[in-house]
Amino acid sequence: MVSSFCWSCLTRLPTASPRPMLPPTLTAQRVAAFHTSSPLLALPPKKKAPGQQSGPKHRASTTFKMKKRKVTDRVRPPAIGERRALRKRIVLSNPNALEVADMQDISADNMVDSRLRGSILGLPVPMLDQLRAVQAFKPKQGWSIFRRPGTVTRRESLELGRLIDGISDKPEDKGKVVKRIVTGARGSGKTVHLLQAMSMAFTKEWVVVTVPECQDLVLANTSYAPLSDENPNVYVQNQATAALLSRTVTANQKVLSKLKVSREHPALKSPLKRDTTLEALANLGIQDPATAWPIFQALWAELTATSPAPGFEKDFASRPPMLVAVDGLAHWMKETKYRTAKYELIHAHDLVFVQHFLSLLKPGKNQQSALPNGGVLLYATSASNNPGVYSLDVALKRVAARQNRVDPSSPDYPMPTAFSNPDQRVLAAFDSPKSSIPTEGTLELQTIAGVSREEARGFMEYFARSGLLRQQVSEEWVNEKWTLAGGGVIGELEKLGRRLTVPAQV
Amino acid sequence: MVFILGVNFPERNLVKKSLESFFGIGNNTSSRLLARFHIHPTCKVGELGNKQVLDITAALSDMKIENDLRRKVLENIKRLKETGTYRGRRHALGLPVRGQNTRNQIKNAVKFNRIERRLG
Numbered sequence: 001m002v003s004s005f006c007w008s009c010l011t012r013l014p015t016a017s018p019r020p021m022l023p024p025t026l027t028a029q030r031v032a033a034f035h036t037s038s039p040l041l042a043l044p045p046k047k048k049a050p051g052q053q054s055g056p057k058h059r060a061s062t063t064f065k066m067k068k069r070k071v072t073d074r075v076r077p078p079a080i081g082e083r084r085a086l087r088k089r090i091v092l093s094n095p096n097a098l099e100v101a102d103m104q105d106i107s108a109d110n111m112v113d114s115r116l117r118g119s120i121l122g123l124p125v126p127m128l129d130q131l132r133a134v135q136a137f138k139p140k141q142g143w144s145i146f147r148r149p150g151t152v153t154r155r156e157s158l159e160l161g162r163l164i165d166g167i168s169d170k171p172e173d174k175g176k177v178v179k180r181i182v183t184g185a186r187g188s189g190k191t192v193h194l195l196q197a198m199s200m201a202f203t204k205e206w207v208v209v210t211v212p213e214c215q216d217l218v219l220a221n222t223s224y225a226p227l228s229d230e231n232p233n234v235y236v237q238n239q240a241t242a243a244l245l246s247r248t249v250t251a252n253q254k255v256l257s258k259l260k261v262s263r264e265h266p267a268l269k270s271p272l273k274r275d276t277t278l279e280a281l282a283n284l285g286i287q288d289p290a291t292a293w294p295i296f297q298a299l300w301a302e303l304t305a306t307s308p309a310p311g312f313e314k315d316f317a318s319r320p321p322m323l324v325a326v327d328g329l330a331h332w333m334k335e336t337k338y339r340t341a342k343y344e345l346i347h348a349h350d351l352v353f354v355q356h357f358l359s360l361l362k363p364g365k366n367q368q369s370a371l372p373n374g375g376v377l378l379y380a381t382s383a384s385n386n387p388g389v390y391s392l393d394v395a396l397k398r399v400a401a402r403q404n405r406v407d408p409s410s411p412d413y414p415m416p417t418a419f420s421n422p423d424q425r426v427l428a429a430f431d432s433p434k435s436s437i438p439t440e441g442t443l444e445l446q447t448i449a450g451v452s453r454e455e456a457r458g459f460m461e462y463f464a465r466s467g468l469l470r471q472q473v474s475e476e477w478v479n480e481k482w483t484l485a486g487g488g489v490i491g492e493l494e495k496l497g498r499r500l501t502v503p504a505q506v
Numbered sequence: 001m002v003f004i005l006g007v008n009f010p011e012r013n014l015v016k017k018s019l020e021s022f023f024g025i026g027n028n029t030s031s032r033l034l035a036r037f038h039i040h041p042t043c044k045v046g047e048l049g050n051k052q053v054l055d056i057t058a059a060l061s062d063m064k065i066e067n068d069l070r071r072k073v074l075e076n077i078k079r080l081k082e083t084g085t086y087r088g089r090r091h092a093l094g095l096p097v098r099g100q101n102t103r104n105q106i107k108n109a110v111k112f113n114r115i116e117r118r119l120g
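Going line by line, the protein sequences match chains A and B.
With full-length UniProt numbering as the guide, the letters of the first sequence map in order to residues 1 to 506.
With full-length UniProt numbering as the guide, the letters of the second sequence map in order to residues 1 to 120.
Source of the hints: derived by calculation from the structure; they are not laboratory data.
Wrong hints could be hidden among the right ones.
[What the hints assert, rightly or not] Below, simulated DSSO-like cross-link-like pairs (lysine-lysine); rule was C-alpha separation at most 30 Å, straight line:
#  : chain 1 : residue 1 : chain 2 : residue 2
1  : A       : Lys337    : B       : Lys64
2  : B       : Lys111    : A       : Lys65
3  : A       : Lys88     : B       : Lys17
4  : A       : Lys65     : A       : Lys170
5  : B       : Lys64     : A       : Lys67
6  : B       : Lys72     : A       : Lys342
7  : B       : Lys72     : A       : Lys334
8  : A       : Lys337    : B       : Lys72
9  : B       : Lys17     : A       : Lys334
10 : B       : Lys64     : A       : Lys342
Here the structure is a predicted model, which is why all the values come from computation and not from measurement.
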């Protein structure tokens with residue numbers, strides 16, 4: 001095919017026009033281009049940053065996706081009982097607090113010494129194990145701020161000391177039974193009052209039986225069963241009874257190991273040996289909780305025995321007085337969380353454990369007082385963990401009225417309000433008439449109020465001497481704190497005392 | 001490990017939870033069962049006595065639970081279908097049975113309302 005170009009023309013072309021002197025690019029700039037925009041002058045296009053691209057890429061999914069959570073390594077859960085142990089831990093010593101130099105320990109001599117009123121009496125170290133065993137210390141109490149545990153000697157504790165001293169030692173008070181319900185405002189020291197009673201009872205070698213928390217028996221956390229086929233409406237709590245036996249044995253081991261059985265116990269499955277100690281008897285119930293209740297009854301019969309049965313005279317030793325301390329009484333005055341076979345709630349008074357301790361408030365039967373060897377019953381209510389039972393309020397008012405010699409038939413005697421439908425069993429439980437036995441006292445109500453100013457001063461000085469309070473403890477300052485604490489409510493005083501106050505540096 | 005009605009439960013499990021693992025036993029039935037045999041609600045399987053385990057098993061075997069109950073539910077659905085009721089027809093179609101709207105949100109109805117319903 002012949003080309004359309006004329007080769008000769010093309011070869012001649014360069015020679016026909018003179019060669020440009022300047023490079024073509026420069027000349028091109030001077031010449032007005034056909035287009036108005038000049039691509040050569042334009043800045044080079046910016047490269048887009050990779051992150052700035054908005055919107056999804058082509059054909060990418062537009063649905064919202066949750067970011068997957070990173071799977072963290074699972075830590076091992078704490079071992080069984082570890083958290084509870086931490087929650088219930090009781091710390092009785094603070095090595096950072098100063099040792100108070102001339103602090104006395106509670107003893108048989110100084111628990112009746114009224115000169116010590118307002119001072120702090122320490123709890124002897126060997127007794128701490130016993131007090132721990134009966135669960136006298138509560139986790140929220142401020143034992144952990146002082147070098148060693150101690151309690152304020154207040155008017156009520158001196159009076160109690162004299163009482164315990166009299167029952168143990170004075171012949172005219174032998175076999176005396178004092179029955180008290182301890183009430184008072186929150187933080188007024190009811191539980192510590194019980195603790196003081198226990199410490200005094202331990203120094204006098206009494207037998208101490210305690211129920212540290214009434215609520216534990218009604219929360220449906222321990223096993224229960226009908227007592228027997230004859231009484232299907234009364235329930236026994238074997239685990240709780242075994243725990244009670246264990247508390248009693250650990251705390252009173254010294255006393256119980258000296259006492260021997262004084263009678264036959266036909267209710268027990270296997271007959272006991274003649275020389276069984278009461279400690280060994282109680283241990284049977286701890287080992288086999290199924291028999292805990294009959295064993296507890298046997299132990300109680302032994303502790304309240306005044307004379308041996310025929311044939312048991314050889315090993316009989318007279319039984320010591322007893323202290324029965326119960327804390328948080330209001331929980332025993334209402335229906336429990338347990339249910340009957342017909343799915344009805346069980347009243348606390350249908351629990352045989354509760355029945356036993358409440359029956360002690362009544363006058364004793366068979367010409368014997370409730371504690372024939374003498375002793376003290378201290379049943380404390382709680383103000384911080386209080387279920388609020390109206391019938392109990394009325395019943396306690398009635399106890400107070402009887403104490404003030406108001407006749408039950410008089411119009412001043414407290415009555416439940418109309419249509420309040422009070423629980424008659426609760427009213428009956430506290431309706432204890434005067435006992436025919438001269439040594440048995442009637443039920444009293446003891447209301448614990450705030451401490452006096454002198455006692456408050458002693459308490460605040462104890463804070464200062466323990467190095468917790470860096471302040472001049474003056475009369476005026478104590479009076480101020482006493483008023484701030486609602487008239488010497490000791491729990492509030494403790495809060496004020498433990499608050500770290502550092503005087504301003506001048 | 002404790003056998004209750006042929007199922008093996010670890011000892012650390014709550015009795016109440018273990019009972020509720022059976023199809024047809026919920027909170028109410030299990031609470032009542034526990035009360036009937038005087039077992040407290042926080043009881044663990046390991047704490048049960050032999051007699052209590054036997055009692056519970058005997059009581060459970062008298063009850064219509066597990067496969068018996070599943071079969072009964074399926075039979076009820078089948079009966080509705082066979083008698084030609086509206087509910088039966090709705091079951092057969094896999095549509096809501098109780099008058100719900102069907103314009104949307106009927107996935108669960110489609111899943112559950114079948115003749116051969118799977119019961120968990």
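Results for each hint:
1. For the suggested pair lysine 337 of chain A and lysine 64 of chain B, the alpha carbons sit about 28 Å apart, so the restraint of at most 30 Å is met.
2. Restraint check for lysine 111 of chain B and lysine 65 of chain A: the C-alpha separation of about 25 Å stays at or below 30 Å, so the hint holds.
3. Between lysine 88 of chain A and lysine 17 of chain B the alpha-carbon distance is near 27 Å, which keeps this suggested pair within the 30 Å criterion.
4. Note on lysine 65 of chain A and lysine 170 of chain A: the hinted pairing is violated, with a Cα-Cα distance of about 85 Å set against a maximum of 30 Å.
5. With a CA separation close to 46 Å, the supplied pair lysine 64 of chain B and lysine 67 of chain A exceeds the 30 Å bound.
6. As the CA atoms of lysine 72 of chain B and lysine 342 of chain A are separated by approximately 28 Å, the hinted pair is consistent with the 30 Å bound.
7. A C-alpha spacing of about 43 Å is found between lysine 72 of chain B and lysine 334 of chain A, which places the hinted pair above 30 Å, so the restraint is violated.
8. Taking the CA atoms of lysine 337 of chain A and lysine 72 of chain B, the gap is about 35 Å. The hint is violated against a cut of 30 Å.
9. About 28 Å separates the Cα atoms of lysine 17 of chain B and lysine 334 of chain A, which keeps this hinted pair within 30 Å; it holds.
10. For the suggested pair lysine 64 of chain B and lysine 342 of chain A, the alpha carbons sit about 20 Å apart, so the restraint of at most 30 Å is met.
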